[in-house]
Amino acid sequence: MNEIIVAASVIGGLGAVFGIGLSYASKVFAVEVDERVVQIRDILPGANCGGCGFAGCDAFADAIVNGKAEVDGCPVGGSAVAQKAAEIMGMKAGEVKRSTARVLCNGHCSVSREKYVYDGMDDCSAAAQLFGGHKSCSYGCLGHGNCMKTCPFGAIIITGGIARIIEDRCKACGKCIAACPKKLIEMVQKDKKYSVICRSKDKGAITKNNCDVGCIGCTKCVKTCRFGAISMEGTLAKIDTDKCTNCGECIVVCPTMAIRIMDFGD
Amino acid sequence: MIQAILTAFLSAVLIENFVLVRFLGICPFLGVSKKINTALGMGVAVIFVMAVSSAATWVLQEFVLKPFKIEYLQTIGFILVIAALVQFVEMVIQKTSKQLYQALGVYLPLITTNCAVLGVCIINIQNGANFINSVLYGTFAGTGFTLAIVLFAGIRERLEFSEIPESLKGFPISLIAASLVSLAFLGFQGLIK
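Protein sequences, first through last, are from chains A and B.
At position 120 of the first sequence the residue is numbered 181 (this note's numbering), and the sequence of numbers has no breaks.
At position 162 of the second sequence the residue is numbered 583 (this note's numbering), and the sequence of numbers has no breaks.
Think of the hints as simulated: they come from the structure by calculation, not from any bench.
Hints may be right or wrong, so weigh each one.
Stated by the list, open to error - In silico DSBU-like pairs for lysine-lysine, Cα to Cα no more than 35 angstroms straight-line:
| # | chain 1 | residue 1 | chain 2 | residue 2 |
| --- | --- | --- | --- | --- |
| 1 | A | LYS244 | B | LYS516 |
| 2 | A | LYS264 | A | LYS299 |
| 3 | B | LYS516 | A | LYS176 |
| 4 | B | LYS516 | A | LYS129 |
| 5 | A | LYS244 | B | LYS455 |
| 6 | A | LYS176 | B | LYS590 |
| 7 | A | LYS145 | B | LYS519 |
| 8 | B | LYS590 | A | LYS88 |
| 9 | B | LYS519 | A | LYS244 |
| 10 | B | LYS456 | A | LYS129 |
| 11 | A | LYS88 | B | LYS487 |
| 12 | A | LYS251 | B | LYS516 |
| 13 | A | LYS145 | A | LYS304 |
The task is simple: from the sequences and hints, build the whole structure.
Structure, rendered in structure tokens:
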């Protein structure tokens, strides 16, 4: 009987000492955190899935407050969480802009040319290491689907040899951007439908040779745009989404149809 | 002295590697070995926790459990001490060094109740090691864990680019790879006579 009491009291005593010690330590070593971090952390789902691209819900809440992440970055919580997070951050709910990833290449098999016949690993990075890939255009999508494999939401499909994004499914986590060796995927505002779907920095004639739908730098769209939203970066047109009004006039004048809507329905 | 330490080091890291020969700590070994960077972070955290908990449990054994003659409560007492200690260390690190907290912080709670950590403490007591040897052995065992998990993470990174039969993709091929690494480590048996 005596032994039981000794054992129980020693272990119980140890537990009590550690418990009191830890609760005291948690006060002494308390780290002051921005109260918004705690509030946002509370409204997040708490699944620590990493879908936002951060290490967990804590890291994501921290990133929102520090301005490193958008309030609508949580793919699990969706718009409900985005609204609440926006309120905590002092933004109006209407200011929440939804982003989507967009693949800036439309050189599918029937309009683009191949440099050589590739018969290696089914992987974009591996293919890109062989003379910059099998496409004649060294900027084009290789279509081995590194982005598709990394997308947690099944929002990317490979058709006609290039990657396309189903924008309704895209949660803008940005994993595909990191996965693409050609850096063809860009995060854009979802409501701005028009993009220059080409990244070729080659001169117009070379681009034209390689691909029927590349931007050849003719500057017609720049002259047409009434809002001054389009500018040239070298031989490549670029649409400033802040100025773009979705009027669609550029799409009409583009001779190669490099400006177009790239949204694929669900 | 130096020779003895070197022998203990080789023995803990290669010959009696905690993961690959003793089969302790398999859970983080398979769970956190997808990337070399995270594996390294986990390894460093394990070295740290093993060294600290070796020291703490030795003190507990000598000054609490032995005087009260309740050595049979070793397991429960050790877990209690390790868990409380790691929690405490986590708080201190969070307060004092933000960088170290970001590097170690995520992994520390994962290993508080890990069997490899408990294992190293119990093996220390079984071997009748003194305080310094306990801490050294804890550090060396953690080094062995780090070596194993980093090697394995390297293999898994390569597996990503290999053509694997459909039915073996993912976890099965990882288990097969782990068993092969383990077999390879058995080759170190007999390195020290």
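Checked hints:
1. A/LYS244 to B/LYS516: violated (39 angstroms)
2. A/LYS264 to A/LYS299: Holds, because 15 angstroms separates the two Cα atoms, which is no more than 35 angstroms.
3. B/LYS516 to A/LYS176: violated (57 angstroms)
4. B/LYS516 to A/LYS129: holds (23 angstroms)
5. A/LYS244 to B/LYS455: Measuring from Cα to Cα gives roughly 24 angstroms; hence the hint holds.
6. A/LYS176 to B/LYS590: holds (32 angstroms)
7. A/LYS145 to B/LYS519: Given that 35 angstroms is the threshold and the Cα spacing comes to 29 angstroms, the pair holds.
8. B/LYS590 to A/LYS88: violated (48 angstroms)
9. B/LYS519 to A/LYS244: holds (33 angstroms)
10. B/LYS456 to A/LYS129: holds (24 angstroms)
11. A/LYS88 to B/LYS487: holds (33 angstroms)
12. A/LYS251 to B/LYS516: violated (41 angstroms)
13. A/LYS145 to A/LYS304: It holds: about 28 angstroms lies between the C-alpha atoms, which stays within 35 angstroms.
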